[in-house]
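Which chain is which? The protein sequence lines are Y and W, in order.
Note that this note's numbering numbers the first sequence so that position 345 is 345, with each residue one more than the last.
Note that this note's numbering numbers the second sequence so that position 268 is 268, with each residue one more than the last.
A few of these clues could be false.
Below, in silico cross-link-like pairs of lysine to aspartate or glutamate (EDC-like), each with a Cα-Cα straight-line distance of 20 Å or less [to be verified]:
#1 Y:Lys250 x W:Glu9
#2 W:Lys96 x Y:Glu71
#3 Y:Lys128 x Y:Glu214
Think of the hints as simulated: they come from the structure by calculation, not from any bench.
Listed here are the chains, written in short residue letters.
There are 2 protein chains.
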Amino acid sequence: MDSLRINLEADDIPTHWYNVVADMPNPPAPPLGPDGQPVSAERMLAIFPGNILEQEMSAERWIPIPEPVREIYRLWRPSPLCRALRLEQALGTPAKIYYKYEGVSPTGSHKPNSAVPQAWFNAQAGVKRLTTETGAGQWGSSLAFAGQMFGIDVRVYMVKVSYDQKPFRRSMMQTWGAEVFSSPTDMTQAGRDALAKDPDSPGSLGIAISEAVEEAAGRADTNYALGSVLNHVLLHQTVIGLEAKKQFAKVGDYPDMIFAPCGGGSNFAGCAFPFLADQAAASAPKKTRFVAVEPASCPTLTRGHYAYDFGDASGYTPLMLMYTLGHDFVPPGIHAGGLRYHGDSPLVSQLLKEGLIEAVAVQQLSTFSAGVMFAQAEGIIPAPESNHAIRACIDEALRCKETGEAKTLFFNLSGHGHFDMAAYDQYFAGKLQDGEFPDADVQAALASLPKVG
Amino acid sequence: MDSLRINLEADDIPTHWYNVVADMPNPPAPPLGPDGQPVSAERMLAIFPGNILEQEMSAERWIPIPEPVREIYRLWRPSPLCRALRLEQALGTPAKIYYKYEGVSPTGSHKPNSAVPQAWFNAQAGVKRLTTETGAGQWGSSLAFAGQMFGIDVRVYMVKVSYDQKPFRRSMMQTWGAEVFSSPTDMTQAGRDALAKDPDSPGSLGIAISEAVEEAAGRADTNYALGSVLNHVLLHQTVIGLEAKKQFAKVGDYPDMIFAPCGGGSNFAGCAFPFLADQAAASAPKKTRFVAVEPASCPTLTRGHYAYDFGDASGYTPLMLMYTLGHDFVPPGIHAGGLRYHGDSPLVSQLLKEGLIEAVAVQQLSTFSAGVMFAQAEGIIPAPESNHAIRACIDEALRCKETGEAKTLFFNLSGHGHFDMAAYDQYFAGKLQDGEFPDADVQAALASLPKVG
Numbered sequence: 001m002d003s004l005r006i007n008l009e010a011d012d013i014p015t016h017w018y019n020v021v022a023d024m025p026n027p028p029a030p031p032l033g034p035d036g037q038p039v040s041a042e043r044m045l046a047i048f049p050g051n052i053l054e055q056e057m058s059a060e061r062w063i064p065i066p067e068p069v070r071e072i073y074r075l076w077r078p079s080p081l082c083r084a085l086r087l088e089q090a091l092g093t094p095a096k097i098y099y100k101y102e103g104v105s106p107t108g109s110h111k112p113n114s115a116v117p118q119a120w121f122n123a124q125a126g127v128k129r130l131t132t133e134t135g136a137g138q139w140g141s142s143l144a145f146a147g148q149m150f151g152i153d154v155r156v157y158m159v160k161v162s163y164d165q166k167p168f169r170r171s172m173m174q175t176w177g178a179e180v181f182s183s184p185t186d187m188t189q190a191g192r193d194a195l196a197k198d199p200d201s202p203g204s205l206g207i208a209i210s211e212a213v214e215e216a217a218g219r220a221d222t223n224y225a226l227g228s229v230l231n232h233v234l235l236h237q238t239v240i241g242l243e244a245k246k247q248f249a250k251v252g253d254y255p256d257m258i259f260a261p262c263g264g265g266s267n268f269a270g271c272a273f274p275f276l277a278d279q280a281a282a283s284a285p286k287k288t289r290f291v292a293v294e295p296a297s298c299p300t301l302t303r304g305h306y307a308y309d310f311g312d313a314s315g316y317t318p319l320m321l322m323y324t325l326g327h328d329f330v331p332p333g334i335h336a337g338g339l340r341y342h343g344d345s346p347l348v349s350q351l352l353k354e355g356l357i358e359a360v361a362v363q364q365l366s367t368f369s370a371g372v373m374f375a376q377a378e379g380i381i382p383a384p385e386s387n388h389a390i391r392a393c394i395d396e397a398l399r400c401k402e403t404g405e406a407k408t409l410f411f412n413l414s415g416h417g418h419f420d421m422a423a424y425d426q427y428f429a430g431k432l433q434d435g436e437f438p439d440a441d442v443q444a445a446l447a448s449l450p451k452v453g
Numbered sequence: 001m002d003s004l005r006i007n008l009e010a011d012d013i014p015t016h017w018y019n020v021v022a023d024m025p026n027p028p029a030p031p032l033g034p035d036g037q038p039v040s041a042e043r044m045l046a047i048f049p050g051n052i053l054e055q056e057m058s059a060e061r062w063i064p065i066p067e068p069v070r071e072i073y074r075l076w077r078p079s080p081l082c083r084a085l086r087l088e089q090a091l092g093t094p095a096k097i098y099y100k101y102e103g104v105s106p107t108g109s110h111k112p113n114s115a116v117p118q119a120w121f122n123a124q125a126g127v128k129r130l131t132t133e134t135g136a137g138q139w140g141s142s143l144a145f146a147g148q149m150f151g152i153d154v155r156v157y158m159v160k161v162s163y164d165q166k167p168f169r170r171s172m173m174q175t176w177g178a179e180v181f182s183s184p185t186d187m188t189q190a191g192r193d194a195l196a197k198d199p200d201s202p203g204s205l206g207i208a209i210s211e212a213v214e215e216a217a218g219r220a221d222t223n224y225a226l227g228s229v230l231n232h233v234l235l236h237q238t239v240i241g242l243e244a245k246k247q248f249a250k251v252g253d254y255p256d257m258i259f260a261p262c263g264g265g266s267n268f269a270g271c272a273f274p275f276l277a278d279q280a281a282a283s284a285p286k287k288t289r290f291v292a293v294e295p296a297s298c299p300t301l302t303r304g305h306y307a308y309d310f311g312d313a314s315g316y317t318p319l320m321l322m323y324t325l326g327h328d329f330v331p332p333g334i335h336a337g338g339l340r341y342h343g344d345s346p347l348v349s350q351l352l353k354e355g356l357i358e359a360v361a362v363q364q365l366s367t368f369s370a371g372v373m374f375a376q377a378e379g380i381i382p383a384p385e386s387n388h389a390i391r392a393c394i395d396e397a398l399r400c401k402e403t404g405e406a407k408t409l410f411f412n413l414s415g416h417g418h419f420d421m422a423a424y425d426q427y428f429a430g431k432l433q434d435g436e437f438p439d440a441d442v443q444a445a446l447a448s449l450p451k452v453g
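Please model the complete structure; the sequences and the hints are all you need to start from.
Put into structure tokens, the structure is as follows:
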């Protein structure tokens, strides 16, 4: 019956992000245009600033974190690393369980780690406005917060069904001064097309992305920001793992296994990549295993194809080499909204393909039972996305109980569940179910994979 | 453009609570029974354990915090003290503004500081079940969490209108294993009476308290727990101010003025009393002013009478000497649910009566505008209760701007607003209003003050 929080001082916030590209056995496969040729930087400059594109393309191991970004990080970072002693005791496992708690941020998740630098680099490039899309609202609220910090106007296209059903994330964005639109709107061609097709369209992430990109591409003072998948987003999230390494050093421990939820990949990458660096440098005290945990209903890494595909549903983006279920694939409705993505980060995908990391898929009900067990032991109610990592970590802790191994397990508690109690409510009411892997839908979506070159 | 968080280590969690009774110029006025005589401990033992009653009556300056309670505190404590440099800059004030952030707890507010020891002391006394009431759900969820930590069953009578309209706090309590009932129920006489009178009764805090007390009084294995007002609750909250003192010492500063929201009083007391101790001991580096901030629509301390009155609406509790608007007074609906109480803590009331602290009342709209300004500068979206303290602190910072004084201001950011976005939503939609002080209602309620002795 003890618990432990390992804190750091403000000075311990990393001064550089870690770029895993420098340590990959093979260079990352480049994004391709419709002609099968690598996409030119010029084309990307329509919606991203040069300083961010530099990061996107960089092979430098360490990228400096600008001091104004560190100053905003200081509003909630360093985040605590906690030893889950009460959970260990409840499980009766000899394993040691640690978690990094990112729910202490203003938006309650890890998303501001990238929203803040994206807003700052855009401000430095003279950009006045950022557009983005949001589903459940975690990324949209983080960019709203970040824009407010640096005086950038943020315009969020929020999927209509969420806009209507989740007014709280919307008011959160408004509190930070962002404008939020119910997508599809009549302000863009993509929105008007969607409305012409169906005046009562509930919207989709695909339509919202198209609207946000269209507005950004059409205005010189406006750029677009994405909350996961791309290299620079994964880069920014490495503050999580870099801090965690200092915290493990403080208590003289080091993870045998690392678990993180994986949708677009930035959550997993932020937690895992800095430890992967030790493996690459052969400076790690032990051989660590890295486990990306995804929902069984959207099992991109465990059941997808490794192929070039579009990053969005409408085919506006460059082609990326990644694990994908096909860009036409619409995952069944599960509550871990942040994990419902047909593809995955190209960096995470390549590391999996090359055998440096692992992936596992877990069923929805088992993730909620893990979240409730965690809340009852450690107090914090986790976000449904985080419950995926908790499930996999608990499963390993129970394996350790059988084998008697005292492994050190580490997972990323990427956010609190205070905005997700409706999902818990449904779980308690027995209204949630596990899903079969939708084989037919995936086969159909994979059949439409673009032909490259 | 800088910000600063002052952290402490787990070892810095206080080992003792501070009891202000030891330093009050006059002993606290005793609670009285219906006969005008001080209430006997025996009568209270029906619903409180002896170890808690000892704290309630104690005049000892320091009360030890049991190690198992400190171990649960460690799940989120010590909480950070933050310098609001970005807010200072936005205001252009020479004042220094600090806030203690209690929103990092599992329930997002300061309430677990007392829920945890209350659950533990009851468990030590062999109690198996705790009953309580809750309106918006902040206290109920904190007691649910605390009960889960020590294996105590928690039964929460939740006001029906909140039960129906705020399912999220309810699911939060269920996550921690508590049973939640829509009050009035048919399980108690008080509930059945209320339903007989009005089968469609929306419930009230008064009815819910009566139900919880009735169940606790009628079962030997069951006690009752209260979230504010009483001496032992204020005592437990002093961990806030005790930590803050260490944090101020770390940066070599000390508050000239302290602001905290004031409803039942535990929020204010927890923040202010440990600094008041320095004033009593003449060991303070400066003369500090202590400001309790209450809503203009329920201005107990600024407009109430100092008189013996019941603590609850139904007259079940002993009489307490306090500022009161009359136990029949029903405050107009404002969203800072935690501040809607007709009376106030007897300790806070007596300190105000004796001139050791001050009180100020603020209007609702001005508290939301202060909360939005804070969120836009510092990132964190505050609970509506906390916005009251922020308003008064900002007002003082603006006075400092006029006078050029570089005062050190300190307020308690008692919780985050992630469960209160509906109130922000109404504020942005222009649906919230300021309230006139309801003179006629208060005069009517005061007319029914009980006659004592």
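Hints, one by one, checked against the model:
1. Y:Lys250 x W:Glu9: 12 Å, holds
2. W:Lys96 x Y:Glu71: Since the Cα atoms of W:Lys96 and Y:Glu71 sit roughly 17 Å apart, the hinted pair holds (cutoff 20 Å).
3. Y:Lys128 x Y:Glu214: Satisfied, since the Cα-Cα distance of roughly 16 Å is no more than 20 Å.
No hint from the list above goes unmet by this structure.
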